[in-house]
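Generate coordinates for the entire structure from the input sequences, incorporating the hints supplied.
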Amino acid sequence: MARTRRGRQEQAEHTRRRIVQTAERLFAEHGVFSVSNRQISEAADQGNNAAVNYHFGTKSDLVRAIIRWHAEGMDAIRAELLDRHAGSLELRDWVTCVVRPFTDHLAALGTPTWYARFAAQVMTEPQLRELAVTELGDTSTLFTVTTELHRCLPDLPAAVQWERDDMAHTLIVHFCAQRERAADPRWAATTTVLIDAIEGLYRAPVSEG
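With UniProt numbering, letter number 50 in the sequence shown gets 50, and the count goes up by one each step, no holes.
Treat the hints loosely; a few may be bogus.
No more than 20 Å apart at the CA atoms, straight line, and that leaves these computed lysine to aspartate or glutamate pairs for DMTMM-like [as the list claims (entries may be wrong)]: (1) 59 x 135; (2) 59 x 130; (3) 59 x 104; (4) 59 x 13; (5) 59 x 29; (6) 59 x 45; (7) 59 x 42.
Now the in silico label distances, taken between C-beta atoms and shown as ranges [stated by the list, open to error]: (8) 29 x 157: 38 to 44 Å; (9) 135 x 83: 22 to 28 Å; (10) 151 x 183: 36 to 42 Å; (11) 33 x 166: 19 to 25 Å; (12) 73 x 166: 30 to 36 Å; (13) 18 x 72: 14 to 20 Å; (14) 45 x 73: 23 to 29 Å.
Simulated from the structure, these hints should not be mistaken for laboratory data.
No residue lacks a Cβ here, since even glycine has one placed at the ideal position from N, Cα and C.
Pasting the structure below:
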């Protein structure tokens, strides 16, 4: 009986993962609001067209599941980088802790990937962005990275620091979405380019007006 129950649980988990991966690809290609739960169920080879509703509930719940799955991988990378750069006073080290969790995670997924294009859509849709912020919150590793990065910029007003955090995140997501469309995204080179650009962004002067 226990073996049968475990088998059903494993099958359900396999189905959930297949739906998540299929939804991510379709959302990346066509847009979150242009793809129905029924279309996702069919593309995921589910005999039941209501499979998405059964396993996840609403489309918002499915979007949350996609975000959560990737967030776990990125948080693990961020934690390793935090250990490596603990105590550093170098801005570039903390910019690295901002960029590499995203690019290293994409590299680890293999080719092709869809998450950067999915994330770019989430970022540009207010409803989805709010959902993502609520889902992710401020993880302890992300909070520490942000705190240490800001500590390297004592002369930058707090409001400007947070504004440039938003600029940096936007640049990372959209630039990676652009690279993701290529047959060979060259994630290592993309990482270096982003770190250079974002370090320059934080060091840029603040003009009055």
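A quick look at each hint next to the structure:
1. Simply put, residue 59 and residue 135 have alpha-carbon atoms about 14 Å apart, close enough for the 20 Å limit, and the pair holds.
2. Between residue 59 and residue 130 the alpha-carbon distance is near 15 Å, which keeps this suggested pair within the 20 Å criterion.
3. Restraint check for residue 59 and residue 104: the C-alpha separation of about 28 Å exceeds 20 Å, so the hint is violated.
4. Between residue 59 and residue 13 the CA atoms are separated by roughly 18 Å; this keeps the pair inside 20 Å, and the hint holds.
5. Taking the CA atoms of residue 59 and residue 29, the gap is near 16 Å; set against the 20 Å cutoff, the hint holds.
6. A C-alpha spacing of about 18 Å is found between residue 59 and residue 45, which places the hinted pair at or below 20 Å, so the restraint holds.
7. A distance of roughly 15 Å separates the Cα atoms of residue 59 and residue 42; the hinted pair therefore holds under the 20 Å criterion.
8. Checked against the hint of 38 to 44 Å, the pair residue 29 and residue 157 passes, with Cβ atoms roughly 41 Å apart.
9. Distance hint for residue 135 and residue 83: a CB-CB separation of about 25 Å, consistent with the stated range 22 to 28 Å.
10. The given range of 36 to 42 Å is respected by residue 151 and residue 183, whose C-beta atoms sit roughly 40 Å from each other.
11. Remark: the range hint 19 to 25 Å for residue 33 to residue 166 is upheld by a beta-carbon distance near 23 Å.
12. The hinted range of 30 to 36 Å is not satisfied by residue 73 and residue 166, whose Cβ atoms lie roughly 23 Å apart.
13. Between residue 18 and residue 72, the C-beta spacing of about 18 Å keeps the proposed range 14 to 20 Å intact.
14. Distance hint check: the CB atoms of residue 45 and residue 73 are about 25 Å apart, consistent with the given range 23 to 29 Å.
Taken one by one, the earlier hints fail for this structure at numbers 3 and 12, listed in ascending order.
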